[in-house]
Each structure stands twice: as C-alpha cells, then as structure tokens.
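Participant: Given next are the chains, with one letter for each unit.
Number of protein chains: 6
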Amino acid sequence: MNNDELILFALDASRGFGEAVSCKLGTPLSAHEERDFEDGEHKTRPLVNVRGRDIYVVQSLYGDATQTVNDKLIRLLFFLGALKDASAGRLTAVIPYLAYARKERKTKPREPVTTRYVAGLFEAVGTECVVTLDVHNLAAFQNAFRCRTEHLEANPLFVEHFAPLVREGDVAVISPDTGAIKRAEEFRRSLGAVLTRPVGAAFAEKYRSRGAVSGEALVGDVAGKAVIIIDDLISGGTTVARAAQACRERGATRVYAAVTHGVFADAANAVLGSSTVDQIVVTDTIPPLRIHDAALKSRLIQLSAAGLFAQAIRRLHTGGSIVDLLRS
Amino acid sequence: MNNDELILFALDASRGFGEAVSCKLGTPLSAHEERDFEDGEHKTRPLVNVRGRDIYVVQSLYGDATQTVNDKLIRLLFFLGALKDASAGRLTAVIPYLAYARKERKTKPREPVTTRYVAGLFEAVGTECVVTLDVHNLAAFQNAFRCRTEHLEANPLFVEHFAPLVREGDVAVISPDTGAIKRAEEFRRSLGAVLTRPVGAAFAEKYRSRGAVSGEALVGDVAGKAVIIIDDLISGGTTVARAAQACRERGATRVYAAVTHGVFADAANAVLGSSTVDQIVVTDTIPPLRIHDAALKSRLIQLSAAGLFAQAIRRLHTGGSIVDLLRS
Amino acid sequence: MNNDELILFALDASRGFGEAVSCKLGTPLSAHEERDFEDGEHKTRPLVNVRGRDIYVVQSLYGDATQTVNDKLIRLLFFLGALKDASAGRLTAVIPYLAYARKERKTKPREPVTTRYVAGLFEAVGTECVVTLDVHNLAAFQNAFRCRTEHLEANPLFVEHFAPLVREGDVAVISPDTGAIKRAEEFRRSLGAVLTRPVGAAFAEKYRSRGAVSGEALVGDVAGKAVIIIDDLISGGTTVARAAQACRERGATRVYAAVTHGVFADAANAVLGSSTVDQIVVTDTIPPLRIHDAALKSRLIQLSAAGLFAQAIRRLHTGGSIVDLLRS
Amino acid sequence: MNNDELILFALDASRGFGEAVSCKLGTPLSAHEERDFEDGEHKTRPLVNVRGRDIYVVQSLYGDATQTVNDKLIRLLFFLGALKDASAGRLTAVIPYLAYARKERKTKPREPVTTRYVAGLFEAVGTECVVTLDVHNLAAFQNAFRCRTEHLEANPLFVEHFAPLVREGDVAVISPDTGAIKRAEEFRRSLGAVLTRPVGAAFAEKYRSRGAVSGEALVGDVAGKAVIIIDDLISGGTTVARAAQACRERGATRVYAAVTHGVFADAANAVLGSSTVDQIVVTDTIPPLRIHDAALKSRLIQLSAAGLFAQAIRRLHTGGSIVDLLRS
Amino acid sequence: MNNDELILFALDASRGFGEAVSCKLGTPLSAHEERDFEDGEHKTRPLVNVRGRDIYVVQSLYGDATQTVNDKLIRLLFFLGALKDASAGRLTAVIPYLAYARKERKTKPREPVTTRYVAGLFEAVGTECVVTLDVHNLAAFQNAFRCRTEHLEANPLFVEHFAPLVREGDVAVISPDTGAIKRAEEFRRSLGAVLTRPVGAAFAEKYRSRGAVSGEALVGDVAGKAVIIIDDLISGGTTVARAAQACRERGATRVYAAVTHGVFADAANAVLGSSTVDQIVVTDTIPPLRIHDAALKSRLIQLSAAGLFAQAIRRLHTGGSIVDLLRS
Amino acid sequence: MNNDELILFALDASRGFGEAVSCKLGTPLSAHEERDFEDGEHKTRPLVNVRGRDIYVVQSLYGDATQTVNDKLIRLLFFLGALKDASAGRLTAVIPYLAYARKERKTKPREPVTTRYVAGLFEAVGTECVVTLDVHNLAAFQNAFRCRTEHLEANPLFVEHFAPLVREGDVAVISPDTGAIKRAEEFRRSLGAVLTRPVGAAFAEKYRSRGAVSGEALVGDVAGKAVIIIDDLISGGTTVARAAQACRERGATRVYAAVTHGVFADAANAVLGSSTVDQIVVTDTIPPLRIHDAALKSRLIQLSAAGLFAQAIRRLHTGGSIVDLLRS
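Chains A, B, C, D, E and F supply the protein sequences, listed in that same order.
Counting from 1 along the first sequence, just add 2 to a position and that's the residue number in the working numbering.
Counting from 1 along the second sequence, just add 2 to a position and that's the residue number in the working numbering.
Counting from 1 along the third sequence, just add 2 to a position and that's the residue number in the working numbering.
Counting from 1 along the fourth sequence, just add 2 to a position and that's the residue number in the working numbering.
Counting from 1 along the fifth sequence, just add 2 to a position and that's the residue number in the working numbering.
Counting from 1 along the sixth sequence, just add 2 to a position and that's the residue number in the working numbering.
Misleading hints may appear alongside valid ones.
Since the list gives no way to pick one copy over another, a pair counts as held whenever it fits inside one copy or between any two copies.
Said to hold, decoys possible - Below 20 Å or equal to it, Euclidean Cα-Cα: the simulated PhoX-like pairs (lysine-lysine) are:
1) K208 with K86
2) K208 with K45
3) K45 with K26
4) K86 with K45
5) K184 with K86
6) K108 with K86
Source of the hints: derived by calculation from the structure; they are not laboratory data.
Here the structure is a predicted model, which means the values were calculated and not measured.
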C-alpha cells in the first residue's frame, strides 16, 4: 500500500454510511476491532498500521436503539485517542451529524455551552480536523472549535434534486423560522442559478401580540407557487408542518421540505403523516429509524450525502479546495 | 488598604466611563502610567501594588480620533500582561463595548472568525474573565472564549427609561431585523412585567421575491401604538430608520429606538437626522463623537451603563449572583 | 449561606449515593436540573449560584438499565463544564466507581490507553481534582491524570466489618491473583493491627506447565483458618469462586470475600450462587442491580463508602490530611 | 500550481517590501482581501486556496500616517488566524521590523515585558515561525518566543556596501554605545575578512563623575581613519550624532553610519541634518517617511533587505541552512 | 544529502551504543558539540543543519562515574530543546534505559510520581516521540507520556539466544516475582513457538504467614528442567539469586537468567558471584561498569539491543509497523 | 498550625541557606525525606500536609562535590512535582543562585537558549513563581519565564556594607565590563543616597585595534579614589583582577569588589590571590567551596542574602510589595 494514500475507518454504528463514503471515494474501509464488555465498557483499536498516515474516521452522532448519542461520542473520542497513540499522522473526525450543536448558548442562567465542551473533548484526544454537515448554528460551531473544522452543505444535493421538479412554474424558497433565513437564501440563489430564472423567497415566524402567540406570520408571496421549505434539522416536525400549512393557506400549489438531518422523533409520525407536505427530502446522515407512519414514509426521500463527504475527504487529503466543492 | 478590596483601573481612553464606574462602585480608580513614544509604541504599567489582588480593568473598544480600535485592544492586552507579571490575583477585563463581535463567522470562503482570535489574545496575556454588554451574537461569544465571561444586558436600563414614557396606551416592541428577535422578546417581557399589562411584539425584515429585495415586511400589529425598536448596535442607522418608517406607515403613534451601543458612523447623521424616530436611546459604552446633526442630537438620549458594570464588578468580587443582577 | 461552605451536587443517576454522602457530611445536595431530550441529548445546569465556591459533584460511572457508562461519563463531563462556565471556584469530581480503569495498558497492538483518555477528558472541561476509590491499577491512574487526584481505600471499612467476625481463631488474607497482592497485604496489616495478633497471607494464581493451564496454585497456609479473599472488583465472579474453592480444598474453615466494587455481571449469579463463599462483602459504589440469585443475595453484604467520601470531601474542603484518613 | 511551492502574502501596508521580496524570490504575491469598515474594524482573508501549504506573510511593524504600529500588529495577527482557519500548512510571519523589541525588560517597577506578550499573541493565533532582522535585544527575543524564530542580520548588506568605500586607508568600526558592541564586532570581523586586512574597533559611552554625565568617552583609536558607526536602530539620531562628533574631534577622516532600521523621529531631521556624518546607510524595513531635511536626505542611502528575506524564505521552505546565509 | 534521510545523534555518554545503532542502521552519527564548563554547566548543539529533518537522539539514562542519571537526563532535555530551536522536524528521544521508571507510584503518602514528571519534562522541550526498551511498569509508562511512545521488547533477542541452548530437554520459564509474570509469559510463548514444543512456566514469590516472611514460594514444576528466569532489571541481584536457589532446590538441571537492563549495584558482585545461576544474559543498554567479580564476569553475557533500536528507528522513519518488529 | 501560615522547605543540598532564611523568617523548615538509591535515582517527598498551603522551596543551583548542577535542578523539579501532587496551594521555587542564566542566547549557530528550557521545565512541574537574585541577563530571564518571577537585588546588602568603609574621601563605582554598567549605576545611585554626596562612575572594557585586543580601557576618573568594582558573578576572577589592576595603575587608593555570586573556579585562587583587590565581597548564595588560597581567603567577605530572601518570602505570602523591598 502507498504511504501517501489516506486511511478510512467507520465505527460499527456508522458502518452503512462509512461504506457509502468508501465506495464513492474508491478507498476501502480499513479494519478495526470494536468490542463490548459486559460491564458496559468497550475497547476499540485499528487493526492496520496507521503510522504517519492521513486518517479519516466516520461516526454519525445520533442515538439509536443500540447506542445512545453519548455512547457514540465516547467511542469516537476513544478511537481517535487510540489512533493518535498508534502514531497516526493527521487525524480527521468525519461526523455526518454532529450532536449537541443546538446546545450552543445559555438560554437560561448557568446553562451549559455544550458545543464548546464537545469541541474541547475532540481536541483533548488529539483530533486535528472535524468535518461535518449543516450544523445548526454556524457561528457557534466556528467559534467553539480551535482545531480545524470543515463545514459542508447539503445545498448542492437539494438543488440537484429539486431543479427537475420545479423546472416549470413559479417557485419560492421558504425559511420555516427566522433562524434558517441564511440557509434558505443560499439555496434560493443556487437554485435560481441552475434554473436560470428568479426564485422567490419567504419566511415564517410565530409572532406575539400582547404577550401571547397570536399567529404564524408568512412573509413573502407564495400564491400559485411551488414552495420548498428549507431547514437544517427535523425533529418533532411541527416547524415544517406549520410552515407548510401556512403556505397552503396562502395558495401554494405544491409544498416540499428539504431538511439536512432527519432526526425524526416519534411524534413526527403523527405530525408529518397528517401534514400537507408533498415531499420531505432529507439526507442519510441519520437513518429514518423511528418512522413507521405509512403516509410519512411514502413522502420521505433520502438523498445520500456520502458523495459529498467522499469529495471533501479527497480534497482534504490532496490539499484541494473545499470552497470549490461547496460552490460547485 | 484592605487586601480583600478590589482594584479598579481604567485605561486613559476610557477614563470617563471608568470614573463613572468608580463612582458607582465607591472604589477609586487606581493609578497607572500610560506613555506614548514617538515611534508609535507605548508602555503602560500599574503604579500601585497589585500582588494577589482582584483586579478589574476598564477599556471600551471603539475607535476614535486619537486611538483606533486596534490601538485600544493592544493597550488593554499589554496592560493585562503587565498586571499578570506584577503578580495580580484574578484579572478581569471590563469591556463596555467589545470590538469584532460582528466578525464572528465566515460569510465568504476563508474569512476570519475574528471573535475567536480576540478571545485567544485575551487568554494569551492571562485574562481570567471578560465582562461585556450586549454582544452582537451571544452564541458566538459564549463559544469563542474559554476563559470566563460575564454577559450583561442593557435591558433593565431601557425598561427603567421607557416604562414611564409608555405608562398609558398600547405599546409594541419591534425587532428591526430577525437577528434581534430574542433580544426584543426579553425586553418585551421585562417591560410587560413592570407595566403589569401585556406588551405587543413585531419584527421587520427585508424580503425578496424573484431574487430582488421587494419590500420591508413588518410582522405584527403596531397601529395606534407606541413602538420601541430594539437593537444591539446602531452604525449607519438605516436598519432603525427603515423599521421606524415601516411602523409609521402602519400607524404607530410614537416611535422610539433603544440600542445598546451607539457606534454612529458619519452617515448616521443624515439617515437618522431625517428619520421619524422620536427618541433614540443608547448607553454610554461609546461616546457620540461623530454626531453633529442637530436634529439627531436633540432626539438622542444616553443612559449610563456604569451602574450596571459597577454592580457586576461588586458581585464578581464578592461571589454574588450575576443572574440576579440581570433579572432585577 | 456562608461563602466558605462547600457545595455538593449529585447527578440524578447517583442521587442515592449522593444523598448518603450529603447526610454524612451534613451538607444538603444543591439543586440542579438534568433534562433529557427526545433526540438523546441532554442538558444539565446548576440551579444555585456557584461563583467562586468549592464544588463537589458525585457521579458513579457504572452502567445500568437507564444510562450506559458512557452516558454517565458524558453527563458528568458536561455538568462540570457548565459549573466552570458558571464561575465555580475549585471543581472536584467525586467518582465512587471510576470506569475504564481496567483499560489502562496495551495488551494487544494499537489498543487504547483509555484511562489516559478519560483523564484528558476530565481536564478538558476544567476538572481540578478527581476523588475515587480503589482503582484497578494505581500506578496507571496516578500517571494518567495531570489534574489532582485523591485515591481512597475501602480497607478501613473491611477491617471494621471483619474484625468482629474473626475475633477468635486463625485468619489468613488471600489475594485471588497476583494483581491483588499489594491490596491484600495492606488489609492484612490493618486487620492484624486491630486484632493485635498476626494474620496469615496467601495468594492464588493459575499456573501453566508445557503451555496449558495446569492448575490453580495456592501459596500459603490456610488449613484450619478463616480466610478473607481481597479484590478490587468482582464481575463474572470466577476469580473469587476459584480462590474460594482452592481455600476450601486446602482446609479453610470459613471463606469470606471483601471486594470494593460489585460490578456483578449476569453470570455472577450462577458462579457465585453455587460457590462456597460464606459471605461476599462489597461497598455501595455500585448497586447490586443484576443480582437475582437467592443464594448469592443471602450471602451478599453491602458496606457504605459514603462516610469515607464525606470525610474525604470535608478534608479536601478544609485542607485536612487525606493521608490521615487512609491510615485511621 | 505545484502543491510544494510556497505561498507568499504581503499585507497592504507592506505591499512595497512584499513585492521586492516576491521579485527576488521569483514567487508572485498571492491575492488577499483587506477591507476596512467605518467603525474602525477590518476583515482580511486570503483569496487563494492555502490548504496544507507553506505560507509566508510579510508585514513590517512600524507606524505611519495610515496605520499605527498596533493596527499593523493586529492585522497581521488576524490574517495569520484566518490562514490557520483556512487550513494553512506551516505559517511563518515575516516581519522586517519587529515592534516592541525595545520594551523587553522592566526598567521601572511593574513595567510590562512587552516583547514576551507580543510573542504570546503570535503563538495564540497559530504562528509557527517568526522571521525578523536585527532585533534590539537578541537574548530577550530568543527567550520570549516559544514558536520558532529566525533572526537575520543586515551585516552582509553593510559589508557589501562599505567594502568598496573603504578599500584604501585605515578603517575603524564604532559602537555608539555599549549596547551595540557585539553587533559592531560582528561587522568589524566580516569587513576585515572582505578587505583582507585588519579593521580597528572603538566604542563610545557617556560616563559620569560624581553623579552627573561628565563626558562622552570614545575608547579606541580613530585618528586618520574612516569610521563606520554601527547600530540596530536610529530614532531621534542623537546617539549617532554624538558618536560622529566624538570621532571627528578625535581626528576621524570620514564618518559613516550603518543602521538597520531607520525609524527616524521628526527630531532626526534637525539632529542628523546638522551632523557631521558623511553617509547614513539604512535598510528598507521602514520607509523614510518623516525625513524632509534636504541635508539629511542627501546623505541617506537605503539598502534593500528584500533579497536577504527572499533567501531566508527560500531556505526555510526547502530546509536549507539559515546559518550559511548569515555567514555568507 | 537527501532531505528525506533521518538524522541520528548520540550524546557523548552514549556514544558507544549510538555507534552500534548507527552501524546497524547504515546512517552515520551526525556531529554535535558537547562542552562542559568549570561551573558545572554545559552547552550542547548540533553541528549540522537539522531544519525540517527527522531527528533521533540516543541517550541511555543510567548513572556512571562521569555523569549522574540526572546529568544525562538534563543533557538530553537541553539537546532536544536546542534541536527544536534549530527547527528540527520530528524529534525522537531514543532512550535504551529509561531512568525513574520504577518511581511510578505512591507507595507512601505524598511520594512523587516521578515517571509522570519525567514525561512532562520531555514534552516541555518539544519531544514528539520517546522510544525505549522494557520499562518496569508498562501501564505507568503508557499513561504517563502524552507525546508518542514506542515500547520495544528484548524478548526476540533472548529467544534467539536461548533457543539453541535449550534445543533438547524440558524447559521452564520462571518469573522471579509476581511483577514479571506477564513478561515471562510473553517469552515463554515466543520460545515455545521457535522450539515448536511446549515450554513450562513457573513463578516465585515471597510469602508471609502471621506477619513475617515465611518462605519463598515456587509455583510450577521445574524438576529435571532447564529454567530461564526472566526480569526487566537486575540491580542488587537478590531477586534472581533467590529464584535460582529455589529452582536448584526443586531439581532444576540448569538455571539461566535473562534480564533486559543490567543496572548491577556493587552488591551484585557478591550476591550473583556466589549464586548458582549458570548464565546471566543482559542487553547492552547499560555497560557492566561495576562488575568486577570474576565468577560473575565469566557467567555474564551481553546481547546487543542496537539492532533492535536500529530497526525501530528505520520503521519510525518510514512509517513501518513496530508491531511487526515486536512480533518477528 | 494555622492554615494561612506559609510552609518553607529547603532541599538537603541547600539546608544551610534554608536554615538561615528560616531563622530570619521565624518559620521553621518543614520536614521532607530525600533518599538516594544505589542506581543514582532519588526520591523526595514532603513529610507534612501541604494541602492548599503557600509553599516555598529553597534550592541554590550551583554544583559541588556531592551534587552536580543538574542533580540539584532535577531534585528541585521533582520535589516541586511531588508537592503539586500532594495538593500544594501556591508553589514558589526560591533559587538563590539560578544556574544556566548565562546560557541565554545563541552566540554560535544552533546553540541552545538554555535559560528558556529551564523556564519550561519549572513550568512543566507546576511551579507558579520563581524567586532569585541578580541573574546575569535580566531581560533574558524576564522573557524566558511565563510563570511569575521575582528578581531580588543584592544592591542593598552591598550599600550597607560599603557605606561605612567609604565614609570619607572620594569614591568611584566601577563596572568591570560593559555588561555590568546598569548594575553598577544602580549601586552608585544607592550608595550616593546613603553617603549624601556624589559618587563617581567608571567602566572598563577590553578594546581592539586592527583585530587584536590592544588594551584594557578604563573610562572615568579613579585617581585618588576608593573604587568598588561591581559584578553579578565571579568565576575565574580575571575580569575583576584586570579591572582592579587598571584602577591601581590609574591611581585608585583602595580597590574593593562587590559581586553577588561567588562561583569561584579553582583558577580563581591564583588569579585573585595575587591580585591587588583589598576586599572581595560576595553573598552566601554559593558557599566558597573551592577557595583554598590563604591570601584570597583573608580578603573574602561573605554577606548573607538570607534576610533578603526571608523578607521577599514574607511579602510574597502576605501580598506586600517587593518593589518597596528593592528600593528600601
């Protein structure tokens, strides 16, 4: 094997995504051992020589029936530590879904700034770079980490998916709350560039009058248009469902949602199953484990982010521009 | 002098604010020497024994005719370093206006995350705590600094000022863009608590249709109401002026602006001098050096944040709760 | 409340042990909020002012049905981080059972040195001191942590328990393998001092001839004696069961086991339920959650280590000697 | 472009020197954006991919009409930070004139050791190497920085310039105070080696008798010789002027000054314009912005240090010896 | 010279071992200057360009008549510092015998954990990797160092030496106390693999009855066998002598000792000179300076570990597997 | 014992100086154990509880017959480490004579900057403050250490000693080379203040003409005066002897030397024994172990610096001003 070639690992819980990345990258997953003990501890080690090599470890930090979020985080940290001890060269954590990205500020007194603690833990085990996709609060993420970070965007995947669907007719891109306005605007621009015609924008927000929520505002014109709701994450589903409802009420002809991370709490089955969204498009950073509602299932489309990560890894390895990747 | 008493310094450029804090605190400013050399370098040192003491240094990081933002930042850093070398106990930087708080994320490829670099510089000279007021992006600030930070809010000052003014009639609190919604909501709640009646909310935002800005949205009802526009910072003044205009058009009876930091670029004279805002209320973290328009001057009111900082310093020194201060 | 008094927290999963410590210490548990989210993340924060205070947080790192070992570790780390951010003074993690203490060396190529990674994680969130009890490998523990550590020993609890039981007749202390020889020797000396007569020593070890395990060696004389088997941890139970069997075969009259941490894997029910041990004495650092075998239950005695931790915390807080505590 | 080729930036304020280095090096200056905002803040970013590359950033830290010393320092620090964030490989700050090198010790109680703070700031943003020329106090500089430093010397430039001028007749090298003796001695040896005949040495120093300055001592013989005064920095000009005067009085036939950094305060116009120095030779690390006296101008010669820096950068990039460069 | 070739230094006190490594490696020792001053200080520097190169420095940390252990340690640390300052690339300390490896835990109150302090000192001067052989407590060593470590084993040397000697007849491998059981077991397995027949195991341990040492236990069968005693270090020699004596008494036909580091205190002459060991085999990490007893001398065999270190250095330089080296 | 009282240790090699400090301070030396092993390693530990206490450890870093400079340095470092591990509060190293202070710059290519490495070692074991006396290069020292440093001056001791001796007649203070000019000037000022009349100044320096040393310059008037030669350190003695000779030749009536650290190499016996110095005054930071020449002995006076250190420790402990101490 060539010393200059990168080494790719995927922890067991992210084997599926890791294999998809491996396939796109043309680099096989390297072998590791991941062993659980009856007392709840585990031990993980690489089974190949990693000395001085450029290493990438894939682990997506969502909880599932076998491993909690914290389990996956600790396993990733300890495996990175073991790689460092085994004299790995550059050590990059590839984290399709980065947990605790929404615990990024104190909203009540003495709350944790968990994003920063997570950053500190990665640095403590010797991580040199963290690659992830569409974090909830980009500024918090970019300030929290002092090791290098690469932030990918699902934007190009969504543009590629939706451009054929909205080839004809008027289109508007909707931010379902004010937090997603920047993300939606990016998508609107990219989509417009591909469609080579203008795309409208709108956003929704709850508003209050005299101290109580008095309505869902929808700013912008959606009547007679196909609308695409953009968000980074879908959990209970109410944000998307409400925005979709508001669009329908104001005359939208079709309603799509394009959301990077499909966290999907149990409640989402009812909320989204009965909603008026025509299509909910997510990436495969999180498998749709808790979705059982048939209506929801039939409207759910999963795009693979594996190619995006594969390209990013390739460019990180060769010193290529990630900027170009995001813009392409 | 009692070894347990705190020591308060203010650098020359912030002497005015420092004296106000000193007065409220009942602790005299301690002497320092700040000497400029012809080659553009400077030397600053404390003139009192600081060994093992609890030290607070006031410096507000705005640029003016004598010192640029960067000058003030470097002077503060080097003075903190000199205090550390002189065996200071705990070292707290008291920064009424923290520069570079808006340079907190990459909006274009390869941009700096300056907030984080600033945090790193403070830590490099041994700063243990940074106290500031209403930073632009709270999450970015809380993630950037790894030394302790205390974030004060001008909210109570504004509530105290506006409660008598809106004692009668309907009131609404306006966020002039979506970035200030959380801040405005805090103010709305506090004001409502003091008035013991509900206060309305609204927010403005530019929106786009087919790729161009097509209007200023104002979500929420302001007709027949006194409105208070809330923001963290006023520079060119257009954000506030536009929001005020939108309120007027929708029937607001009076329009006030409550903005923590009055940066006031030269352009603000024209923009705000001709605007329809009845009163622009700022704090004294930045003196209104560039305001010369008479109309603007007559409508400008400056509240002193010195008492707020004095209380925070007292509580930091004695281990009292800052949370209580923010809530009182 | 007095600023000089310590503050004691116990995370929810260790509330029982925390309350026992609190009771012995005469210091109430301070309030905290620990909230789980549907996506598997959590948020924890202190509900009292911790500014500049001497803080102790109790969390025992064993896995149970509700929280895995890794969950408990991450929760402790993030809560320590939140306390640091809330300007805690000195921050001490009180960990009755410290996980991953047996993952302390590479026994195969490229294995993790997990003990060291755990140390690094505690330091990353600002922990200043770690207090624990009878770790598996003392040298590994003392080298891994660069923050302060205090290592308590259950020895005095066992001496107090066994001295009355072996008041009459010959006694021998048994190390069930060579790894526990130092620990057993400490106990033998202490017990002898209390009984004011000599106590015998013996140890067991598997040995090999021509490449295969050919027997269980028992070095030392146990015939006609009450024997006490000493170990730091009991998991599957075979080590203790085999040592007990060897003692019986060599004429021991009574066989006791004194083991600090009762990890008790499911298999222990069968192994120890059918063993010839008269009494298995453990501490309460881990509740005996997986023990259902009636025979085992009837022979199991749990001594509380809470008083030991309470005394250690008191001495840490006042600057008293921990050495004296271990020797008393 | 070849990934192995170095990347050279020059901040706007040092564009001239940067271009000279670029020219000597045969490597074009890479593009960056440096943008000033009305509030006195700025934003700087590279416009090319720097991932994993060997980066050199030129910024000379003297103050001028547009940017103060502190402005230039902060701009350099933040640009280095942005490069690090953009995944630069090795990051070298190339600083022809390093500010605050004379603030290197406490001469009064509680004074700053600014050189060390500057070092700390460079390290805080991720600088791996600092290259500079003839710092005032070499020992202070070498102890202050913990990142790598390369210290160049203008010596070879001065030797090359003066050797033809003093080809005939007796020559002496003068240190204008005792602080420059080592530097002057280096030059004397090099010049002697080129001239292949001995060169005399002398030094000047103010001395005191009974508590007052009672005269300027000139130790060594200068009668009938061409003398070259050597120093690292010329500011007000009195040190050089006095030494020149003393040489003239003791019979020197020609008097030259060779000073690396021409800081030139305003006062230097009068002091040096009326002095008896035949030629004042400086390098181009600082442009002679404040020199307006015609007499001084006519005697001032500027040698370019760009070639020296270009050679150093080339050797740093390829792992060549800097020692050889200094000795050549 | 090729920039990619490694550079090997040996400090003067380890010149012999360094030359042996150099010879095996085919890389000449690079020149350095090591100069002692009358006041007891020293100065050491490389005499070749080390910029960006992969550097290995050999120094074995035993005390002898000219330099104490601490002298050698400080010389190594300062030379590593000088190399770092001279812009060395990767910096590896090659330490055949690592001092203070037995001071690795607190056996009495407030004792030092010296192994950890030594690790901290190496890291403080910029060491990136430490390579050593058979440390006393592997877990302590692996936890103490946070820079990379490579742990070599003399095992293959001993197997190669003893396999021909025990080609015929029964063989047993003896651990002279319980601390060496793991090491002995490794050797037993390797020897068995080469001999392609089973090798027996046994171990010795002092045991106590009623508080006094009452005998030397020897667990396992040695009658009629050639026995090989395995240990990491021989100092006074009593451990080996007693184990040999016990083996003889139980019918061993031949008794060998295989010990990595021959520290050999003066007392060892008497103890081992009169012992019944047929052959004492050590490596050359420490020269047998204090051995003068003729009987001991005649039975002492020194194997060179230089080839082992040479292979390790070669693999470290090229990214080869050290694991394979240990297993081969 | 009061928790607030400081704890003073002196390592065995500095027991004499430590006892003198203890006596002046009124604080007994606390007990420690310092044990040497036959293999050249040692183990040191405090024998008292140091938890949270303010600790001072005295060790002077000169070499003598029993311990080399490096031995003493390592012992101090490891003892500081043990104190930190034993939960010491603030940890101050009191080093009357700091070794390697003259190895503070590169005078040849690739030389070590040993002062900085020493600083790094102290920081690595957790030292928070270093107190020493008259280091060779103050700027180097102040830049090297990033932990706190306190620099004492023997100046007041020398003034107190010499004032009565030069009560009558003219006096001049001589710097024996240009490196000591600042130190001599300080002394001249202080002595003048006590004598309440002006004191002259002069300095010596070798100078060169045409490449060879051609003489010893003595700048300033000494005829008919008592002269006091000031230096930080006396080793071979030639610097002082030459300066004394030059003074005599120029008519000085009496010649004294006041030198802080009496390193005294063997050669000093001959050089100074035959010199014309009337009195050589040193402090007791180094015992005059190598002085055997009767003439030298009779002229040597040792002043105790113990009181100075005692006062510094008292002020460090109570937060008093060290500045005042230096100026008193």
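Participant: Confirm or reject each hint.
Facilitator: Hints, one by one, checked against the model:
no.: 1; hint: K208 with K86; verdict: neither (48 Å within a copy, 35 Å between copies)
no.: 2; hint: K208 with K45; verdict: neither (48 Å within a copy, 25 Å between copies)
no.: 3; hint: K45 with K26; verdict: neither (29 Å within a copy, 37 Å between copies)
no.: 4; hint: K86 with K45; verdict: within (15 Å within a copy, 30 Å between copies)
no.: 5; hint: K184 with K86; verdict: neither (37 Å within a copy, 25 Å between copies)
no.: 6; hint: K108 with K86; verdict: between (33 Å within a copy, 13 Å between copies)
The structure shown violates the earlier hints numbered 1, 2, 3 and 5.
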